[in-house]
Structure formats: structure tokens, C-alpha cells
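*Asks:* Starting from the given sequences, assemble the full structure and let the hints guide the process.
Protein sequences, first through last, are from chains A and B.
In this text, residue positions in the first sequence follow our numbering: the first is 106, and each later residue adds one.
In this text, residue positions in the second sequence follow our numbering: the first is 64, and each later residue adds one.
Among the clues, some could well be false.
Said to hold, decoys possible - EDC-like cross-link-like pairs, simulated, lysine to aspartate or glutamate; straight-line CA separation at most 20 Å:
#1 235(A) <-> 441(A)
#2 455(B) <-> 270(A)
#3 200(B) <-> 247(B)
#4 235(A) <-> 258(A)
#5 159(A) <-> 193(A)
#6 159(A) <-> 185(A)
#7 455(B) <-> 305(A)
#8 455(B) <-> 303(A)
#9 297(B) <-> 457(B)
Simulated from the structure, these hints should not be mistaken for lab results.
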Amino acid sequence: MFQNLTQRLSQAIERMRGRARLNEEHVREGLREVRIALLEADVALPVVTAFLDKVRGRALGSEVLESLSPAQTLVKIVHEELVSLMGEEAAPLDLNHAPPVVILLAGLQGAGKTTTAGKLAKHLQERARKRVMLVSCDVYRPAAIEQLKTVAEQVGAMCAPSSGDEQPAEIAKRAIDQAKRQLADVLIVDTAGRLHVDQEMMDEVAALHAQVQPRETLFVVDSMTGQDAANSAKAFADVLPLTGVVLTKTDGDARGGAALSVRHITGKPIKFLGIGEKSEALELFHPDRVASRILGMGDVLSLIEDVGRKVDQDKMQKMATKLVAGRGFDFNDMREQLSQMQNLGGLTGLLDKLPGVGKMSEQIKGKVDDRQITRMVAIIDSMTKKERKFPATINGSRRARIARGSGTQPSDVNQLMKQFQQMQKMMKKLKGGGMKGMLKGLQRRFPGGGGMPPGGMFGR
Amino acid sequence: MFRFFKRSAPEKLVQLNPAEIPQEPSAVEPREPVTSAADQTEAATPTPLPADAEPSAQRPEPLAQASEPAPPSASSSTESESAFFDPAVAFAEAFEVINAEKAAAEALRPASLRERLAASSESFRLKLGSLFDRNPKLDENLLEEIETALLTADLGVAVTTDLIDTLRGRIKRRELADAEALYEGLRADLLAMIEPLAAPLQIDLEAKPHVVLVVGVNGAGKTTTIGKLAKHLKLNGASVMLGAGDTFRAAAVEQLKVWGERNDVLVVAQGTGADSASVIYDALQSAKSRKVDVLLADTAGRLHTQSHLMNELSKVKRVMAKLDPTAPHEVLLVLDGTTGQNAVNQARQFHQAMGVTGLVITKLDGSAKGGIIFALAREFKLPIRYIGVGEKLEDLRSFEPTEFIDALLPARTPPPETS
Ligand SMILES: Nc1nc2c(ncn2[C@@H]2O[C@H](COP(=O)(O)OP(=O)(O)OP(=O)(O)O)[C@@H](O)[C@H]2O)c(=O)[nH]1
Ligand SMILES: Nc1nc2c(ncn2[C@@H]2O[C@H](COP(=O)(O)OP(=O)(O)OP(=O)(O)O)[C@@H](O)[C@H]2O)c(=O)[nH]1
Ligand SMILES: [Mg+2]
Ligand SMILES: [Mg+2]
Numbered sequence: 106m107f108q109n110l111t112q113r114l115s116q117a118i119e120r121m122r123g124r125a126r127l128n129e130e131h132v133r134e135g136l137r138e139v140r141i142a143l144l145e146a147d148v149a150l151p152v153v154t155a156f157l158d159k160v161r162g163r164a165l166g167s168e169v170l171e172s173l174s175p176a177q178t179l180v181k182i183v184h185e186e187l188v189s190l191m192g193e194e195a196a197p198l199d200l201n202h203a204p205p206v207v208i209l210l211a212g213l214q215g216a217g218k219t220t221t222a223g224k225l226a227k228h229l230q231e232r233a234r235k236r237v238m239l240v241s242c243d244v245y246r247p248a249a250i251e252q253l254k255t256v257a258e259q260v261g262a263m264c265a266p267s268s269g270d271e272q273p274a275e276i277a278k279r280a281i282d283q284a285k286r287q288l289a290d291v292l293i294v295d296t297a298g299r300l301h302v303d304q305e306m307m308d309e310v311a312a313l314h315a316q317v318q319p320r321e322t323l324f325v326v327d328s329m330t331g332q333d334a335a336n337s338a339k340a341f342a343d344v345l346p347l348t349g350v351v352l353t354k355t356d357g358d359a360r361g362g363a364a365l366s367v368r369h370i371t372g373k374p375i376k377f378l379g380i381g382e383k384s385e386a387l388e389l390f391h392p393d394r395v396a397s398r399i400l401g402m403g404d405v406l407s408l409i410e411d412v413g414r415k416v417d418q419d420k421m422q423k424m425a426t427k428l429v430a431g432r433g434f435d436f437n438d439m440r441e442q443l444s445q446m447q448n449l450g451g452l453t454g455l456l457d458k459l460p461g462v463g464k465m466s467e468q469i470k471g472k473v474d475d476r477q478i479t480r481m482v483a484i485i486d487s488m489t490k491k492e493r494k495f496p497a498t499i500n501g502s503r504r505a506r507i508a509r510g511s512g513t514q515p516s517d518v519n520q521l522m523k524q525f526q527q528m529q530k531m532m533k534k535l536k537g538g539g540m541k542g543m544l545k546g547l548q549r550r551f552p553g554g555g556g557m558p559p560g561g562m563f564g565r
Numbered sequence: 064m065f066r067f068f069k070r071s072a073p074e075k076l077v078q079l080n081p082a083e084i085p086q087e088p089s090a091v092e093p094r095e096p097v098t099s100a101a102d103q104t105e106a107a108t109p110t111p112l113p114a115d116a117e118p119s120a121q122r123p124e125p126l127a128q129a130s131e132p133a134p135p136s137a138s139s140s141t142e143s144e145s146a147f148f149d150p151a152v153a154f155a156e157a158f159e160v161i162n163a164e165k166a167a168a169e170a171l172r173p174a175s176l177r178e179r180l181a182a183s184s185e186s187f188r189l190k191l192g193s194l195f196d197r198n199p200k201l202d203e204n205l206l207e208e209i210e211t212a213l214l215t216a217d218l219g220v221a222v223t224t225d226l227i228d229t230l231r232g233r234i235k236r237r238e239l240a241d242a243e244a245l246y247e248g249l250r251a252d253l254l255a256m257i258e259p260l261a262a263p264l265q266i267d268l269e270a271k272p273h274v275v276l277v278v279g280v281n282g283a284g285k286t287t288t289i290g291k292l293a294k295h296l297k298l299n300g301a302s303v304m305l306g307a308g309d310t311f312r313a314a315a316v317e318q319l320k321v322w323g324e325r326n327d328v329l330v331v332a333q334g335t336g337a338d339s340a341s342v343i344y345d346a347l348q349s350a351k352s353r354k355v356d357v358l359l360a361d362t363a364g365r366l367h368t369q370s371h372l373m374n375e376l377s378k379v380k381r382v383m384a385k386l387d388p389t390a391p392h393e394v395l396l397v398l399d400g401t402t403g404q405n406a407v408n409q410a411r412q413f414h415q416a417m418g419v420t421g422l423v424i425t426k427l428d429g430s431a432k433g434g435i436i437f438a439l440a441r442e443f444k445l446p447i448r449y450i451g452v453g454e455k456l457e458d459l460r461s462f463e464p465t466e467f468i469d470a471l472l473p474a475r476t477p478p479p480e481t482s
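*Replies:* Have a look at this one:
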């Protein structure tokens with residue numbers, strides 16, 4: 106349904122004149138596509154507009170890097186700006202304070218506050234070795250107190266009592282006393298979900314905040330939220346001095362534009378991502394991942410970077426020279442390729458980095474077995490030097506010996522031979538592009554020429 | 064007020080074979096709705112399940128999924144050789160799967176428009192912008208303003224662009240006299256899109272019970288909607304029973320029990336960790352034996368991307384059919400009204416897995432406009448049974464398309480002479 110951004114930009118601007126610098130026309134037409142991409146990702150319109158203004162300034166007159174097209178250059182700039190706007194990587198919680206340090210969670214109904222309270226408790230107990238107490242100040246939602254109590258039990262945290270007929274501020278006050286008595290380092294205060302247009306409830310949470318003086322006041326927001334994220338974030342930031350944001354339910358396929366809206370409106374760092382319902386499903390925030398996802402590019406950019414960094418360019422160059430010089434691709438080269446692949450986390454690692462694939466195609470992943478790589482390396486290692494150099498010499502009895510030596514079946518060796526021949530063919534075609542070449546081959550398989558797989562991925 | 068019921072047409076009658084109806088009420092459900100959490104473990108003996116209802120104490124893990132045929136392993140097929148060597152092939156296959164999924168999202172048969180609900184007098188009011196309180200020129204600026212209103216209401220780029228293009232065409236052809244005419248034209252276009260969706264829940268009183276299975280992503284408002292719906296049904300004279308099919312989330316059972324107590328209706332539950340299908344099977348059996356009119360079955364929130372959890376839902380449906388092949392009579396998908404474009408994916412996946420028959424849009428008492436229903440209307444034509452406008456028992460409304468559009472685009476006040 107959605108084309109990916111690079112493809113769109115390519116269609117929009119690739120035919121234009123001027124390739125050395127991004128000119129006004131490039132930028133105007135390109136940013137029109139960026140605007141659509143951001144809106145499709147649910148970034149709030151005013152935030153989109155502000156963001157584009159910023160990018161426009163930087164993009165105009167930018168040099169088009171060698172090896173990149175104008176479209177790719179613009180995507181790169183947009184992506185970089187987005188990453189920098191998304192803020193710090195993994196901003197830590199500020200726990201430098203006399204215990205009990207209070208963390209207050211607030212947000213709309215059903216955003217994931219109570220679940221996040223449990224996750225944070227677990228995180229702090231395990232990573233920071235803190236004694237954590239939880240308390241529910243949700244006196245409205247049926248069984249909310251019970252829910253938090255259960256969550257606390259699940260993660261082995263303490264839980265201060267509360268009941269539906271008390272005032273939230275009273276409950277919190279008593280909880281702080283109890284936290285002191287029981288030597289808790291951290292007290293996490295869960296609050297009822299509330300709408301930002303509900304003045305009474307917003308006053309209530311402001312009063313609660315004044316009462317407990319939290320060190321951290323976290324706004325919990327559902328990553329599937331649409332345009333309204335900007336309004337609610339603003340209203341919460343107006344009544345509460347927020348210190349950070351938790352973005353929940355990122356384990357789905359929402360593009361998560363709300364993250365940008367909330368970040369832009371509140372100016373506060375996103376500190377954690379909720380990635381599931383269980384207590385361990387909490388992740389530190391990585392701006393580049395969220396940015397790529399909003400743009401619908403998955404981690405393709407980081408994949409390309411990874412390839413650039415981890416693939417040993419020297420060795421690749423040698424191999425390329427050799428191939429160009431007409432000498433054949435042999436098992437030494439194949440082994441080299443295999444270990445390069447292992448360096449990149451294997452095929453599953455590569456697949457994981459591609460947008461959409463991680464989520465949707467357990468099936469595909471099922472076909473990719475990285476143990477195979479290990480097995481193939483073992484087989485090659487059982488070959489003699491001569492066999493590696495001159496694969497044609499590997500006859501039936503040699504195959505049997507190699508299988509024995511590597512603890513595999515002769516059929517495995519046969520398969521490897523077949524794969525070797527395929528690879529040999531492919532390497533000839535790629536003329537020594539190596540891993541990078543493979544990626545190029547991959548890019549060619551997808552129409553549009555932008556180099557990235559089609560489909561908004563997360564916005565299937 | 065609300066008139067939900069219609070005696071079903073004779074051919075819709077579900078003929079119950081008396082032999083199938085247990086003479087005694089099932090022993091498993093608590094007699095009284097209970098709220099205390101200490102009761103979590105009561106009523107522990109589940110009724111034996113039909114053959115394919117493998118009980119599972121825990122939420123199934125994706126990898127523990129046994130019913131999916133395992134994909135061929137890399138070493139066993141020739142095609143996987145290339146998958147090994149050529150990531151491109153693997154990726155291309157991945158995207159073929161995606162495309163196939165897309166194609167499989169079939170269009171929906173619109174539910175026949177039945178009696179419409181009488182308009183609720185206490186209809187919700189949203190804060191309105193002041194987009195049209197002057198009399199602007201028919202130009203791109205005006206169109207841009209409208210575009211902004213539509214986009215910020217979550218109508219999405221595709222729907223908005225089409226609407227704006229239509230307006231632009233009409234302006235070009237000089238079909239519109241002034242902003243007033245343009246505005247009315249737009250409202251009419253919007254109304255035409257969603258008017259067919261207004262089709263409240265119909266209860267087949269012969270079904271006994273008419274089973275309503277409530278599904279949706281996490282925190283959308285399923286359990287709360289069940290609580291509200293129970294009240295409406297009771298007000299209209301139906302007997303209601305609740306099934307606590309969310310056996311996963313902390314205190315989900317207790318939450319539903321509170322709603323049961325508020326409505327003074329029975330809640331069939333087994334507690335956290337039980338098999339969801341088994342609980343709902345129990346509930347259906349019990350509702351049948353008591354000749355309850357409506358069974359509202361709660362389920363755990365789940366993201367539509369989690370195939371193992373979607374399979375779990377299909378199992379609930381299968382197991383139910385063992386007792387009553389016509390059940391569930393309604394699969395209600397609850398969507399959070401503050402959700403953005405992802406709601407389309409949610410509807411698509413849930414529909415594909417479950418055959419959704421109706422929607423509930425919740426949380427429209429905030430400042431979100433719920434504009435996603437336009438994109439939904441285009442792709443699925445699923446009727447919107449209700450909207451949620453608050454957390455209390457009485458905060459359920461019928462879906463009134465005109466009101467909805469009033470909230471989106473303010474009714475135009477006579478323009479002062481400017482411009
Ligand atoms: N998939 C997924 N589900 C989540 C995540 N975080 C929370 N949930 C689920 O979202 C639903 C709502 O979570 P709660 O923690 O009850 O939300 P809340 O903000 O406390 O809700 P209220 O107190 O009613 O306002 C539950 O079903 C949670 O299991 C997440 O990161 N991923
Ligand atoms: N303002 C408002 N809040 C609502 C509405 N419907 C539900 N809620 C609130 O949203 C939160 C989540 O509602 P639940 O009914 O627990 O949602 P659920 O879909 O059952 O959640 P899970 O079972 O955790 O997936 C609660 O705080 C409800 O009070 C509504 O129409 N308006
Ligand atoms: Mg809560
Ligand atoms: Mg629920």
C-alpha cells in the first residue's frame with residue numbers, strides 16, 4: 106500500500122536536472138513525499154510542518170554525495186534530522202536522590218501505565234539492584250488496584266496498599282511513609298488513565314504530583330495513537346513537569362509517528378519502549394530505530410552501514426581483484442564469504458534488520474538456518490588446501506572423507522558443492538562486489554531502484 | 064431510547080436440540096459475581112472440553128505454536144539453497160508473503176441495514192474548530208485549511224487527498240457557488256461514506272444465547288464496553304451473562320467481575336492462567352442451560368500482528384461452534400478512537416482471522432475525532448455498532464453519522480461579511 110520513502114523520492118525527483126546539489130525543485134518535490142510519509146505514520150500535522158521547515162533549511166544546496174542519488178541524499182538528511190530530533194539514546198532514569206525516589210506514571214486510558222509500572226520495577230531491580238515498591242493511585246478503574254498488586258507479585262516488588270475509597274494523594278502519602286519504613290529505594294506511583302480534556306482529573310494528577318514530588322514523571326503513550334497524540338501530550342506537559350516518555354505497544358506494526366509528535370511537543374526524552382505485555386518486555390529507546398520505522402525504512406539504513414563497517418573491505422578488494430583477473434572463485438573465497446556473513450549476525454541477523462521481515466515472516470526465517478553456515482564452514486575446513494583451491498578435484502571418495510572429517514553426511518557435502526557452483530556463478534555476475542554486491546543484487550530485485558524493499562513495511 | 068431487538072425471522076431461528084441442553088446449570092460459574100481478588104481461584108473445575116480444545120495454562124508462545132505447519136527447513140529443499148546463498152531470494156519471498164497477505168484481505172459484505180436506533184438525546188459533543196466562521200474565497204488556501212482539518216482528524220492521507228481532489232474538481236468546474244456550498248458538498252461526501260455503517264447490534268432472541276465475542280488490541284476498551292453493553296441489554300429486557308475469556312492479563316477477571324456486579328449479571332470465570340477457549344465454552348454451556356438471551360464473551364487484548372494469539376482466538380470460535388454452530392453470532396472488534404492509521408491494519412487482521420461482524424469505537428469523549436472510520440469504511444464496510452464516550456456504565460452511544468460529522472466539521476454559522 107505504501108511505497109517506501111526512497112522509492113517515492115526517486116520517482117519524484119530523480120528525473121530532475123542537477124545532480125551535484127539538492128536544488129529547490131528537488132527539495133520541494135521531495136519534501137512533499139516526506140510529508141505524506143510522516144502523515145501516514147501518524148506524526149501530528151503541526152509537527153510534520155515544523156519538521157519539514159527544519160529539513161528544508163538543511164537540505165537546500167546540500168551536496169549530493171558520490172555514490173548516492175539526490176533522492177537517497179534527501180532521505181539521508183531527513184533520517185538524520187529525525188534521529189537528532191528524536192533525542193538522546195537510552196536516556197537514563199534519574200535516581201540520584203534520597204530514597205525513596207518517586208517515579209510517577211501518567212497518561213491516557215489504556216496506554217499501558219500499570220503494565221509499565223511492573224516492567225520498570227523489574228528493570229530497576231535487576232539492572233540497578235534497587236528495592237522497588239509499587240502503589241496504585243487508580244481509585245476508578247475496576248480492579249486497577251488488584252491489577253497492580255498482581256503485577257507487583259509477578260516481578261517480586263513490594264506493593265503498598267490502597268483502596269478505592271481513598272483520595273489518590275492520601276494513598277501516595279502513606280505509600281511514601283511505608284517505602285521509607287521498608288527501605289525501598291524507589292517508589293513507582295501508578296495513576297488512573299485520564300483524558301487530557303477532563304479538567305478535574307488533570308487537576309487531580311497535578312495535586313498528586315505536588316504531593317509526591319517525583320524525581321521522574323513519565324508520560325506513557327500508546328505508539329498506535331494518531332494525530333491526537335500532540336494534543337494529549339501538550340495537555341499533560343502543561344499540568345505536569347514531565348521528565349520523560351514511555352512509548353508502549355511498539356511490538357505491533359504501527360509506524361509510531363506519535364513518538365515524534367510527543368517528543369517534539371514535550372521536548373522530553375523517550376526513555377523506554379514497551380515491546381510486549383510481559384514484565385521483561387521493556388527496551389531502552391534507540392532514536393535511529395524509531396526514526397527509521399516512522400519513515401518506513403526499517404533498519405535498512407543501519408543495515409547498509411553495518412555492511413560498510415563490518416565487511417572487511419581489504420579482503421573483499423583482494424577477492425574482487427582476483428575475480429577480475431580471471432582467476433576462479435574457490436572454496437577459500439566461499440569460506441571468506443561465509444564468515445563475513447557470520448560477522449553480520451548470519452542471515453537471520455540480516456533479515457531482522459530489514460523492515461517488516463522480522464515481524465511477518467517467521468516462515469521465511471524458518472527457511473534460513475544459520476547453523477547451516479556453521480556446518481558449511483566445518484565442511485570447508487575439512488578439505489585439503491588443494492581441494493579448496495581446485496574444487497574440481499573433489500571426487501566421490503574425497504567427498505566421503507570430507508563428510509567424515511566434518512561430522513556431516515555425504516549428502517551435505519554434495520549440497521555444499523552445488524551451492525558452491527551457484528555461488529561461483531553469482532560471483533561472476535557480481536564481478537567481485539562481495540557482500541555489497543549481494544546487497545546491490547538484492548536491491549535490484551525490488552522495483553523502484555531506490556534500493557529498499559517496497560511497502561511501508563510497518564504500515565503494511 | 065435504544066431498541067436493540069428484533070424478533071428474528073423464522074429461518075434464523077436456532078433449533079436447539081433439547082437433548083443437548085444440560086438439565087442442570089453448569090457447576091463451574093460462580094453464583095454471584097465476585098469482586099474480591101482472593102476469589103481468583105474459585106470455580107476451578109472446568110467442564111471437559113471438546114477434542115480440539117487443547118487446554119493451555121499459559122498464553123501460547125510464538126515458538127510453542129504446534130498447529131502451524133513447520134516451514135521446510137533450509138537443508139531439506141532446493142529452494143532454500145538459494146535462500147541461503149542469495150539473501151535477495153529470501154527477501155523477495157518475504158515480500159511475496161506480504162503481498163499474499165494483502166491480497167487475502169478480502170472486501171466485506173456490508174451488514175444489511177436494519178432498524179436504526181433512535182438518536183440518543185444525550186449525544187456527545189466534541190469541541191469544534193472554527194474553520195468556517197468566515198466566508199473565504201474558493202481557493203487553494205481554503206482547500207488547504209480543509210485538508211488540515213481532515214488530516215488532523217485522522218482521516219489519513221489517501222482519504223483526505225481524494226476528498227480534496229473532488230472538491231478541487233468541483234471548484235474548477237464552477238459547480239460550487241461559495242464556501243457554504245463547498246462545505247455542504249464536503250459534508251455530504253463524508254456522510255455518504257459512513258452513513259451505511261450505522262447499524263446497531265441486533266439480538267436474535269431465539270438464539271439463547273446470542274453470543275457476542277469481543278476482540279481487539281490491548282487496552283482498546285473491550286472489557287469496559289462489555290460492562291456498558293450489559294447494562295444496555297438489560298435495560299432493554301434481555302438477560303445477560305458474561306464470560307471472562309481474558310485469562311492472561313493481571314486482574315482482567317476481577318475487572319470483568321466488577322462489571323458483572325454493577326449490572327447484577329452472572330460472570331463465568333475460571334481465573335487467570337486458564338484456557339480462554341475453555342472458559343468461553345463453559346460460559347456458553349451455562350448460558351444455554353439457563354436460556355440466557357445474550358452471552359458477552361471478553362477476550363484478552365492482543366496485537367493483530369501476533370499470529371499465535373490470533374490463532375488462539377480462532378480456537379475460541381471453533382470450540383464455541385461445537386456447542387452452537389451458529390455461535391458466535393457477533394464478533395465485535397473494539398477500536399480505540401484515538402488510534403491513527405494502524406486501525407486499518409487492526410481491522411484487516413482481525414477480520415481475516417475472525418470474520419468481524421461489527422465495530423465499536425471507544426474513547427471518543429476526548430479530543431480525538433475518530434476519523435479513521437472513513438478509511439475503514441472504504442476498505443471494510445463493517446457496521447459500527449456503538450461508540451464509547453466515557454468510562455461509566457451509561458457511556459455507550461449508538462453511532463450517528465451526522466453527529467460524527469458535526470464533530471469533525473462544525474455546523475456552519477452564518478458568515479459575517481468579510482473577505
Ligand atoms: N503488546 C503490548 N501490550 C502492552 C504493552 N504495554 C501494555 N500493554 C497491554 O495494554 C493493555 C493496557 O495496559 P495497562 O497497563 O492496563 O494500561 P493502563 O494505562 O494502566 O490502563 P488504565 O489504567 O485503564 O488507564 C494491557 O492489555 C497490557 O497488557 C506493550 O508494550 N505491548
Ligand atoms: N474515556 C474513555 N475511556 C474508556 C472508554 N472505554 C474504555 N475506556 C478506558 O480505557 C481503559 C482500558 O479499558 P479496558 O476495557 O480495560 O480495555 P480492554 O480492551 O479490555 O483492555 P485489555 O483487556 O487490557 O486489552 C480503561 O481505563 C477504561 O476505563 C471510553 O469510551 N472513553
Ligand atoms: Mg492502569
Ligand atoms: Mg480487557
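*Asks:* Against each hint, give a clear statement of whether it holds in the structure.
*Replies:* Evaluated hints:
1. Simply put, residue 235(A) and residue 441(A) have alpha-carbon atoms about 47 Å apart, too far for the 20 Å limit, and the pair is violated.
2. A distance of roughly 17 Å separates the Cα atoms of residue 455(B) and residue 270(A); the hinted pair therefore holds under the 20 Å criterion.
3. For the suggested pair residue 200(B) and residue 247(B), the alpha carbons sit about 15 Å apart, so the restraint of at most 20 Å is met.
4. Straight-line distance between C-alpha atoms of residue 235(A) and residue 258(A) comes to about 16 Å, which keeps the hinted pair within the 20 Å bound.
5. The hinted pair formed by residue 159(A) and residue 193(A) meets the criterion: a straight-line CA distance of about 19 Å does not exceed 20 Å.
6. As the CA atoms of residue 159(A) and residue 185(A) are separated by approximately 12 Å, the hinted pair is consistent with the 20 Å bound.
7. Of the pairs offered as hints, the one joining residue 455(B) and residue 305(A) holds, with about 16 Å between alpha carbons and a cut-off of 20 Å not exceeded.
8. The straight-line distance between the Cα atoms of residue 455(B) and residue 303(A) is roughly 14 Å, inside the 20 Å bound, and the hint therefore holds.
9. Distance restraint check for residue 297(B) and residue 457(B): the Cα-Cα separation of roughly 12 Å lies within the 20 Å cut-off, and the hinted pair is therefore satisfied.
Comparing the model with each earlier hint shows a violation of hint 1 alone; every other hint is respected.
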